[in-house]
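Student: The residues making up each chain are set out below.
Protein chains: 2
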Amino acid sequence: MTRLNPIRLLAAAALAAPALALAAPPAAPNGIALPEGYQDWRVIAPSHREDNKTLRVILGNDVAIAAARAGKTRPWPDGSILAKLVWKDGSHAAWASATVPADFVHAEFMIKDSARFKDTGGWGFARWKGLDQVPHGSDAGFVAECFGCHQPVRDNDYVFTHPAAMP
Amino acid sequence: MTRLNPIRLLAAAALAAPALALAAPPAAPNGIALPEGYQDWRVIAPSHREDNKTLRVILGNDVAIAAARAGKTRPWPDGSILAKLVWKDGSHAAWASATVPADFVHAEFMIKDSARFKDTGGWGFARWKGLDQVPHGSDAGFVAECFGCHQPVRDNDYVFTHPAAMP
Numbered sequence: 002m003t004r005l006n007p008i009r010l011l012a013a014a015a016l017a018a019p020a021l022a023l024a025a026p027p028a029a030p031n032g033i034a035l036p037e038g039y040q041d042w043r044v045i046a047p048s049h050r051e052d053n054k055t056l057r058v059i060l061g062n063d064v065a066i067a068a069a070r071a072g073k074t075r076p077w078p079d080g081s082i083l084a085k086l087v088w089k090d091g092s093h094a095a096w097a098s099a100t101v102p103a104d105f106v107h108a109e110f111m112i113k114d115s116a117r118f119k120d121t122g123g124w125g126f127a128r129w130k131g132l133d134q135v136p137h138g139s140d141a142g143f144v145a146e147c148f149g150c151h152q153p154v155r156d157n158d159y160v161f162t163h164p165a166a167m168p
Numbered sequence: 002m003t004r005l006n007p008i009r010l011l012a013a014a015a016l017a018a019p020a021l022a023l024a025a026p027p028a029a030p031n032g033i034a035l036p037e038g039y040q041d042w043r044v045i046a047p048s049h050r051e052d053n054k055t056l057r058v059i060l061g062n063d064v065a066i067a068a069a070r071a072g073k074t075r076p077w078p079d080g081s082i083l084a085k086l087v088w089k090d091g092s093h094a095a096w097a098s099a100t101v102p103a104d105f106v107h108a109e110f111m112i113k114d115s116a117r118f119k120d121t122g123g124w125g126f127a128r129w130k131g132l133d134q135v136p137h138g139s140d141a142g143f144v145a146e147c148f149g150c151h152q153p154v155r156d157n158d159y160v161f162t163h164p165a166a167m168p
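Going line by line, the protein sequences match chains A and B. Under the numbering used here, the first residue of the first sequence is numbered 2, with each subsequent residue one higher. Under the numbering used here, the first residue of the second sequence is numbered 2, with each subsequent residue one higher.
There may be inaccurate statements among the hints.
Heads up, the list lumps identical chains together, so a pair's fine if it works in one copy or across two of them.
[Unchecked claim] BS3-like mimics (lysine-lysine), calculated; alpha carbons at most 30 Å apart, straight line:
{"id": "1", "residue 1": "K85", "residue 2": "K130"}
{"id": "2", "residue 1": "K119", "residue 2": "K85"}
{"id": "3", "residue 1": "K119", "residue 2": "K73"}
{"id": "4", "residue 1": "K54", "residue 2": "K119"}
{"id": "5", "residue 1": "K89", "residue 2": "K54"}
{"id": "6", "residue 1": "K119", "residue 2": "K130"}
{"id": "7", "residue 1": "K89", "residue 2": "K119"}
{"id": "8", "residue 1": "K54", "residue 2": "K85"}
No lab work stands behind these hints, which were simulated from the structure alone. Just so it is clear, the structure is predicted and the values come from calculations on it, not from any experiment.
Starting from the given sequences, assemble the full structure and let the hints guide the process.
Tutor: Structural data, given as structure tokens:
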């Protein structure tokens, strides 16, 4: 095994840091940073919307998945993060009656922190648009749009998604 | 740290084995065993079918996810397993134009092993139905139905799913 040289490790870290900083998308206008590693989270449910013709997958971080599988989601526990990945409807060349993902629209997040987000039901909202992950909203007031839209499901802890049954 | 006692470990394993054996669903008629832990696999894409009114999520094991993210899926590498989880379309009480998962229909698998499954494009097919995971097919010949249906996508290594774009 090659012995690691601390000086060389530090030099490598210094070189890598600016590249990592450039790669991270900006935080949302309310200060929420893009959750890391959400692409690897587990599935809570898929969905489809006819009104805006989009396909969705709702994922959860470890805290959210544990809550979903235990049926303890009213309320979701602090630390839960839900991610909704959204694509425009596309067609499949070999299966006419199938709807499949076309362009990626955005990734939306709900972050449960009862203290930090007490004014919006305990949830922090944020959205990054497109493959280049542009934060949604011109200022922190954008959350009024999110929270307003979620009012019809306030009895379900402001969450539209019901975890899908899974054996 | 508590020192592990080999005798006690063996006793614990002996006690646990019958419970695990009872919990595991039967193998498919072609000998394929239900892949373990597929509920924790990562997302490749969602889809929706209008013909049979179902919502789907296609997941991949680690080999399949690595191939999908690298764009190396023609062919998918040996060791890849694709899981398709299927639910009947349901409606959402608070969002009329949404389609959400209702009853779980089945979990379908494609297992890539060029040698073992050379007669069916290198893929082993299997399906377990419902939440009680009943294997599909009365004998090993059921794979003719699977492989026949996948012929229109033989140029895509017999796979309908195209990995969804994801930032």
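Student: Look at each hint and say if it fits the structure.
Tutor: Hints, one by one, checked against the model:
For the identical chains of this complex, K85 and K130 are neighbours both inside a copy (12 Å) and across copies (27 Å), given an alpha-carbon limit of 30 Å. Taking the closest pair of Cα atoms, K119 and K85 come within 30 Å of each other only inside a single copy of the chain (22 Å); across copies the shortest separation is 38 Å, beyond that limit. Proximity of K119 to K73 under the C-alpha cut-off of 30 Å is restricted to the intra-copy arrangement: shortest distance 20 Å within a copy versus 45 Å between copies. Taking the shortest alpha-carbon separations for K54 and K119, neither the intra-copy value of 33 Å nor the inter-copy value of 39 Å comes in at or below 30 Å.
Within a single copy, K89 and K54 get their C-alpha atoms as close as 6 Å, and across copies as close as 19 Å, so both meet the 30 Å cut-off. Within a single copy, K119 and K130 get their C-alpha atoms as close as 25 Å, which meets the 30 Å cut-off; across copies the closest is 43 Å, which misses it. In the homo-oligomer, the alpha carbons of K89 and K119 never lie at most 30 Å apart, since the shortest distance is 33 Å inside one protomer and 36 Å across protomers. Both within a single protomer and between protomers do K54 and K85 lie at most 30 Å apart by alpha-carbon distance, with minima of 15 Å and 22 Å respectively.
Violated hints for the displayed structure, listed by number in ascending order: 4, 7.
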